[in-house]
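Line by line, the protein sequences give chains P and X.
Residue 165 in full-length UniProt numbering sits at position 165 of the first sequence; the count goes up by one each step and never skips.
Residue 309 in full-length UniProt numbering sits at position 309 of the second sequence; the count goes up by one each step and never skips.
Worth flagging that the hints you see were computed from the coordinates, not collected in a lab.
Note that this is a predicted model, so its numbers are computed, not measured.
Please note that the accuracy of each hint is not assured.
[As the list claims (entries may be wrong)] Derived PhoX-like pairs (lysine-lysine); straight-line CA-CA distance at most 25 Å: (1) X:Lys122 with X:Lys7; (2) X:Lys177 with P:Lys221; (3) X:Lys122 with P:Lys180; (4) P:Lys221 with X:Lys37; (5) X:Lys34 with P:Lys221.
[Unchecked claim] Residues from chain P that keep clear of chain X, each with C-beta distances beyond 10 Å, as calculated: (6) Gly64; (7) Asp223; (8) Gly224; (9) Asp257.
[Claimed, not checked] Pair ranges (Cβ atoms, derived): (10) P:Thr268 with X:Gln178: 31 to 37 Å; (11) P:Thr268 with X:Ala72: 24 to 30 Å; (12) P:Gly309 with X:Asn269: 33 to 39 Å.
By construction, the Cβ of each residue, glycine as well, lies at the ideal position given by its N, Cα and C atoms.
In case you want the letters, here they are:
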Amino acid sequence: MTVMPAPDEAANSSRTQSRKDKGRPATPEDSAPIMRRVKTKLTSRWATAAAVIIATIWTVPTFGLLVSSIRPAAKQVGPRSDGWWNFFADWDFTFKHYVDVTAAAGSQSANLSQYFVNSLAIVIPVTVFVLVLASMAAYIFAWGNFRGREATFIFVFALQIIPLQMALIPLLSLFTQVLKLPPGSYAQLWIAHTMFGLPLGIFLLHNFISEIPGEVIEAAKVDGAGHTTIFWRIILPLSVPALASLAIFQFLWVWNDLLVALVFSGGTADVAPITQRLAEISGTRGNRDFLNPAAAFVSIIVPLAVFLGLQRFFVRGLLAGGLKG
Amino acid sequence: MEFLGGKFLQVFIALAVFAALIGLIMLIVDRAPKSVKDKLTIVGFLAPAAILMLVGLVYPAVQTSFLAFTNASGQPNGVDNFVWMFTQPEALATLRNTVIWTVLVPLLSTVFGLAYAVFIDKARGENALKALVFMPVGISMVGAGIIWKLVYDYRGPGIEQTGVVNAVRVALGMDPKQFLLDAPENTIFLIIVMVWIQTGFAMVILSAAIKGVPVELVEASRLDGANPWQQFRNVTVPGIRGALVVVLTTITIATLKVFDIVRTMTAGNYDTSVIANEMYTQAFRAGEPGRGAALALVLFLLVLPIVVYNARVLRQQREIR
């Protein structure tokens, strides 16, 4: 799990490389640095062209969705419909679909605003729960002193792979029959998401927290600070980059989830998140298909904003410790 | 908007209760007599997460393992569910599709991600180019399903096409195609959606790894006359081997669990189902929790070797430390 190259490994490969090259007859490039520079320029131009092509292919689907979402219904379905790219020939657009899908009532309404609020109401507490609980556990795994610490930590890491599918059936009956959690409230979703988010959260934060220099903690201990003080006053402030990364991760994961929502929300408009509503309306083929693009765009706008706005922290936290040896 | 009040109240209460619990733990740990303080800290800090993981993951996993050997009415039925899985044509198609998914998605995402990371390395506008390919990572699979249904949209021949791929096909003189209906290639068209999502993830991790390869090594190989391909193969790839393993395993695990794409785009019809989707269908729609559990168990066994491998690497690292 090393992103940083193992130095000797990389060095070895370059050594073999140079040995191989010594036995190689001189090519024109060796004697003509200008030629080589021209060639590098050319290759990099090809590389840039390839990159632009890939970027275009990757962007067109989402762009098509955005354009579709503002085209009038008649252009999207029925006999007068045509592809979204024709938008650029006749600039006929409307924001009616956005109004329709988010409105609280009306025949066309998907009532998305209510589900949108549900998504927020699910995702915010879960993110807080996971951050706090995972950082507490990660701190103990990194700086606590108890027997079987290593083994327990590896076990927690391994929990990441239990497919959620394996947990759903028993957990649902536990929630409803044993704990008697009220149906149609957020409680089931909060608890389930928190449970599922913990292994990865602990793993990511542990890698970061264990790299905090021991002297900092020792110094605090000498000054008479207990574990709780060290945790709140030193560990958490120093771990902000990792916490930010985990928060984004958790936010995206819960916001985009469908499976957990399907099982634990009971499907009511009171608690079901926006992904579930989206899956419902896109599943019903029919005369409201033209609303799907707008609905989809409403659902992806928040994660996309979070994601693109904070991607720097996201990547930094992922790479911090998580991948470095 | 009256619904808002009640919802905010619920969220507020949940956060308040949580804060009170955490505060209580901290208070107890802090006020404990010196003799038990360290032990109590460990228990107090670890217990909430440990209990949640035991109840939410370990206990259900064990339960499901037992459930896999029972029939629809909860009676033990030996290995019947597994016999069903490996003999019924539909179940076999599900297994076959899962294998195709787990081979193709990690492979293609990593290859595209790596190629793109190399192409844009030090290019002008690198960050903007990165953001474009990274964007799908933030889109829900349901959203991605809707996006790609538009892309694959089909109209009969002779009618104006609204899906971009079919429009291109018609423009090239081909017949429009019903991408999601015809097995077995429809599975490939679903896989493309997952590749579209995961490539950005691979690209970001690999791009960071490439920047970690010492410049001197690349420079040295260039002075030795290696062409760009040779530089890439003999210097860059060995230098990022660790990152490649991480990317491949992460995407493989994500792919094995993929569910939303299939569900949104075909609902598993037309021979496109995968284990993760079939498990949901059997357990929660068809009233066959035993079969669902058996599928989940197989899924777990498929992921197990990957995790054992990663856990071993992790342990080695910690021993070095």
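Structure-based check of each hint:
At roughly 48 Å between alpha-carbon atoms, lysine 122 of chain X and lysine 7 of chain X are farther apart than 25 Å, so this suggested pair is violated. For the proposed pair lysine 177 of chain X and lysine 221 of chain P, the alpha carbon gap of about 70 Å is over 25 Å, so the pair is violated. A C-alpha spacing of about 57 Å is found between lysine 122 of chain X and lysine 180 of chain P, which places the hinted pair above 25 Å, so the restraint is violated. Taking the CA atoms of lysine 221 of chain P and lysine 37 of chain X, the gap is about 14 Å. The hint holds against a cut of 25 Å.
Note on lysine 34 of chain X and lysine 221 of chain P: the hinted pairing holds, with a Cα-Cα distance of about 14 Å set against a maximum of 25 Å. Non-interface status of glycine 64 of chain P relative to chain X is broken: a Cβ of that chain comes within 10 Å, the nearest being about 6 Å off. Every beta carbon of chain X lies more than 10 Å from that of aspartate 223 of chain P, the smallest distance being close to 15 Å; the non-interface claim holds. Residue-level check passed: glycine 224 of chain P sits 12 Å from the nearest beta carbon of chain X, beyond 10 Å.
Distance to chain X contradicts aspartate 257 of chain P as a non-interface residue, since its nearest Cβ pair spans about 8 Å, not more than 10 Å. Between threonine 268 of chain P and glutamine 178 of chain X the beta carbon distance is about 35 Å. The supplied range of 31 to 37 Å therefore holds. Hint check: threonine 268 of chain P to alanine 72 of chain X, Cβ distance near 27 Å, so the stated range 24 to 30 Å holds. Look at glycine 309 of chain P against asparagine 269 of chain X: about 38 Å separates their beta carbons, and that is inside 33 to 39 Å.
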